[in-house]
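Following the hints, complete the assembly by docking chain B onto the known chain A.
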Amino acid sequence: MTKYIRHAAAFCVLLLVALLVNALRVQVFQAGPYDGSTANRRATIARYGQPRGDILVGGEPVTGSRDTGEQLRYERTYNDGPLYAPITGFASQEYGTTLLEHAEDGVLAGTDPLLAPFPLWSDLTRGLPPGGKVVTTIDPAAQRAAYVGLAGRKGAVAAIEPATGRILALVSAPSYDPAELSGNRPATKAAWERLNRDPDKPMLNRAVRQTYPPGSTFKVVTAAAALDAGVVTDMDAQTDSPDPYTLPGTRTWLTNEGDGCQDASLREAFKWSCNTVFAKLGVDVGARDMVGTAQAFGFNDTGVRIPFSAATSTFDTSVDRAQLALSSIGQYNTRATPLQMAMVAAAVANGGRLRPPYLVERTTSRDGGTVSTAGSRPARQVMQPATAERMRELMTDVVEDGTGTNAAIPGATVGGKTGTAQHGLGNSGIPYAWFVSWAQGEQDPEPKVAVAVVVEDASANRGEISGGGDAAPIARDVMRAVLSG
Amino acid sequence: MTPAGTATAAPARDPARVVRLPRRRGIELALIVVAVLLSVYGYCAVGLARHGAVPPGAAKYGAGLGVLALLAHVAVRLRAPYADPLLLPIGVLLNGLGLVLIYRLDLETPGDRAAPTQLVWSTLGVALFIAVALLLRDHRVLQRYAYVCVVAALALLTLPIFFPALNGARIWVRIAGFSIQPSEFAKVLLAVFFAAYLADNRNALAYTGRPVWRFRRIQLPTGRVLGPILTIWLLSVGVLVLERDLGTSLLFFGLFVVLLYVATGRTGWIAVGLLLASLGAVAVGRLEPHVHGRVEDWLDPFATIEAGLGPNQLAQSLFAFAAGGVLGSGLGLGHSILIGFAAKSDFILATAGEELGLVGLSAIFILYGLLVERGYRAGLALREPFGRLLAVGLASIVALQVFVIAGGVTGLIPLTGMAMPFLAQGGSSVVTNWAIVALLIRVSDSARSQYDGQVAP
Chain A
1 MTKYIRHAAA FCVLLLVALL VNALRVQVFQ AGPYDGSTAN RRATIARYGQ
51 PRGDILVGGE PVTGSRDTGE QLRYERTYND GPLYAPITGF ASQEYGTTLL
101 EHAEDGVLAG TDPLLAPFPL WSDLTRGLPP GGKVVTTIDP AAQRAAYVGL
151 AGRKGAVAAI EPATGRILAL VSAPSYDPAE LSGNRPATKA AWERLNRDPD
201 KPMLNRAVRQ TYPPGSTFKV VTAAAALDAG VVTDMDAQTD SPDPYTLPGT
251 RTWLTNEGDG CQDASLREAF KWSCNTVFAK LGVDVGARDM VGTAQAFGFN
301 DTGVRIPFSA ATSTFDTSVD RAQLALSSIG QYNTRATPLQ MAMVAAAVAN
351 GGRLRPPYLV ERTTSRDGGT VSTAGSRPAR QVMQPATAER MRELMTDVVE
401 DGTGTNAAIP GATVGGKTGT AQHGLGNSGI PYAWFVSWAQ GEQDPEPKVA
451 VAVVVEDASA NRGEISGGGD AAPIARDVMR AVLSG
Chain B
1 MTPAGTATAA PARDPARVVR LPRRRGIELA LIVVAVLLSV YGYCAVGLAR
51 HGAVPPGAAK YGAGLGVLAL LAHVAVRLRA PYADPLLLPI GVLLNGLGLV
101 LIYRLDLETP GDRAAPTQLV WSTLGVALFI AVALLLRDHR VLQRYAYVCV
151 VAALALLTLP IFFPALNGAR IWVRIAGFSI QPSEFAKVLL AVFFAAYLAD
201 NRNALAYTGR PVWRFRRIQL PTGRVLGPIL TIWLLSVGVL VLERDLGTSL
251 LFFGLFVVLL YVATGRTGWI AVGLLLASLG AVAVGRLEPH VHGRVEDWLD
301 PFATIEAGLG PNQLAQSLFA FAAGGVLGSG LGLGHSILIG FAAKSDFILA
351 TAGEELGLVG LSAIFILYGL LVERGYRAGL ALREPFGRLL AVGLASIVAL
401 QVFVIAGGVT GLIPLTGMAM PFLAQGGSSV VTNWAIVALL IRVSDSARSQ
451 YDGQVAP
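Chains as they are written, first to last, in UniProt numbering: chain A, 1 to 485; chain B, 1 to 457.
To be clear, the hints were calculated from the coordinates, so they are not data collected in a lab. Don't take each hint at face value.
Claimed, not checked - One-sided and incomplete, this derived list gives chain A residues near chain B with beta-carbon spacing under 8 angstroms:
no. : residue
1   : C12
2   : A23
3   : V26
4   : G69
5   : E70
6   : L72
As the list claims (entries may be wrong) - Restraint ranges, calculated between C-beta atoms of paired labels, are given here:
no. : chain 1 : residue 1 : chain 2 : residue 2 : range
7   : B       : Y41       : A       : G32       : 29 to 39 angstroms
8   : A       : A10       : B       : A59       : 37 to 47 angstroms
9   : B       : L274      : A       : K3        : 54 to 64 angstroms
As the list claims (entries may be wrong) - Some residues of chain A that are not near chain B, with every Cβ distance over 12 angstroms (derived):
no. : residue
10  : R194
11  : D234
12  : E268
13  : A374
Treat the numbers as computed from the prediction; the structure is a model and nothing was measured. Heads up, the beta-carbon is just placed ideally off N, CA and C, and yes, glycines get one too.
Isolated chain A (complex conformation) (with noise of 0.2 angstroms):
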């Protein structure tokens, strides 16, 4: 009988090994694809366990965290909300992330590795390092002034500071609470199904998300060209411009909206805004020119991060002679989103060096310890100087007697440009009013603000709405809180 005991034994222990080599299995080899399961709650769960970090705009923090004692304990909270959406984004425990919440999410959850003391900490303590800070270049005042400008008017403002691309201000209206999509509870649903069925799409960021036609304002990069490109040597002669202006190759007339533009020079074709002389100078620097300078400002480019993505603004590149007209004005297949026209107006306010846009300055630990900054990134030179400062000449007098009066900021040079674009099947549509400027103090050394303001809706009638009227108060305002602040 022991010999047989002694086989039962042998048995018991092949359950014992099987046992140990299958718990092997599970909780070490099979452990990362388990782990990484998406129907797996234990990440979630561990990325609320903790107060997420907070986003500072101005030094102080606009955004919380609110220990719910639920499941996924900690939930997103905002000091003004609305205010700062097109910044923050949401970060809902039920419908992820977006913005700046999306793009730091590893610095705000914890997970970013930079975040941990030494490598491998998180595997060692198998806990995440509390949520770091996101430090944003965003000035409160002037965004504050953008929002209240804007006045829940559906539009959007962009502004920068041209000597280093932080972007000082980012608002989008109409705008919307992110607090409300923190939750995981039915109110979260609902405010989430609200938010995606109103018409006026609160949660887009038109700032940087939406395209526009940018109209008379795209007349600032068409000048740059012809006078980087030689075509116009004198800002003063007359340029050999027609009243109406023949599209080439076609019989449909362009016209403008008051008089004095058949041949006028370009320093008064800027002022007054003439489309015949913009669109012919168009054709005359040629495709070629044209799409190099766009581009140099920023149009088509796939891959702008502030630093999360920002929408393409495009400069079609294979035009005929008309369409290239009408791209010259800012019309047929040229769009650009508030953001890009806010480069436009900084690189000419830079001596024409274009500085990327960013958003997040530095990246800190809890405690503070600095996990990444902006650094300084490469300028880009858009156009020669000697253009810029040709330029910045014929903005500013679009501001002192021009379409763009109403920027004027008294003790303060400020260019600008109007620009009302038409858009819509025939037309058909309350045009945009856009407004593109830059702005020095007195006793700055150089312009210390570019701001870009569009108005999609202003309740104006249509012949009323320009530029100058319903954006240029705006942009004055933005400009004049960057100058003081």
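Quick look at chain B alone, frame taken from chain A:
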């Protein structure tokens, strides 16, 4: 009948060869202290991890467990001084760890606290242990009650048929708010019966009759002796079909095959046993939807996830084990409660796996392995067949039960509802396991006090 409780009464066939084995009660006491301290440490670790403070009941809990363990130790000292010193400490440690795990899971379900009830049942279990140690002076008494045991076992097994099914299995008897699982008690009674029956009939089973077929070393049993195994097989299948309890059925059948093999040494039993078991399993797996579903889950634990229905219990269990990794998340810091229903009973091992890691899980497996090994060792050391078969049977119950449920929740074999011995929530199970340890203590005491120098116990 020789009283086996005292050393002086140990029968010595040849006085010259009597070897007095050390009693090792001091080692047992030291190990019990370690087991109690480990459990209290676990209890404190849960509190520290969850609330940053030692739980208020820590001293009470430690004192309660300590007193129970000490009383059991005193009973062993009095009545079974030669008993194996590992058995009791292993029981105390596993029971204490089970209480810690249940207490830890109670924190996730504030409305449903299971630890206090489990503590009451543990007390009852230890009381039964002490009663067995004090009252049962010689295990051979049990041999006389073999047929009482089998009748009682069958009565207990059929009882749940008259009660409503719970969660797909008809294995519960509900009386006055208490849930009792009679099959847990039945398994000890059946082990006693099997041991007694086979001890009496093993020669007849092994050597009478004419082999039907010989093929190399495999010797198939004759038709006449197939009778008992067929009866037990039918009984198991009956339990399975009527009560939908695959685990218990598997356990009974496995126990019988192991004991039959140990008693007769016929490899044919294993062949016949495996054949019948697979036939039964295939048939029931096809016909019985509840069992069929379990097999499907085992073959593809993540099918429900791919079907968009979310993870099932087995998938959640596997996630928990995987989340534990090598070192575990630490007591109180895992999320095994995601398993939901039965997290404290059938799936308790998942909490151990997640919070104590592969290291802790392996330690628990090895503790069970030691318990089984001690049982087998007692069986080897004894000279009379009933005691040997009883020791092997009781140890095999633990081995098979641990394999069936641990293999089930880790995806090694299809999942069957069974309690992890000592760890899982469930009063009947804890009481039964203390009875098993008590009987093993009694048997090992006999074995070591009758040591004749042949096989080291």
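Results for each hint:
Satisfaction of the interface hint for A/C12 is found here, the shortest Cβ-Cβ separation to chain B being roughly 4 angstroms, below the 8 angstroms cut-off. Because the beta carbon of A/A23 sits about 5 angstroms from the nearest beta carbon in chain B, less than 8 angstroms, this interface hint is met. Interface restraint check: A/V26 against chain B, minimum CB-CB distance 5 angstroms, threshold 8 angstroms, status holds. Taking 8 angstroms as the C-beta contact cut-off toward chain B, the hint placing A/G69 at the interface is violated, the least distance being around 12 angstroms.
A least Cβ separation of about 12 angstroms between A/E70 and chain B goes past the 8 angstroms threshold, and the interface hint is therefore violated. Checking A/L72 against chain B: minimum C-beta separation of about 11 angstroms lies over 8 angstroms; hint violated. Look at B/Y41 against A/G32: about 31 angstroms separates their beta carbons, and that is inside 29 to 39 angstroms. Evaluation of the 37 to 47 angstroms hint for A/A10 and B/A59 yields a pass: the beta carbon distance comes to about 45 angstroms.
Judged by the Cβ atoms, the range 54 to 64 angstroms given for B/L274 and A/K3 is violated: they are separated by roughly 20 angstroms. The beta carbon of A/R194 sits about 26 angstroms from the closest Cβ of chain B, which is more than 12 angstroms, so the claim that it is off the interface holds. Separation of A/D234 from chain B is adequate, the least Cβ-Cβ distance of about 71 angstroms exceeding the 12 angstroms criterion. No Cβ of chain B comes within 12 angstroms of the Cβ of A/E268; the nearest lies about 67 angstroms off, and the non-interface call holds.
Here A/A374 stays apart from chain B, with its beta-carbon at least about 37 angstroms from theirs, past the 12 angstroms limit.
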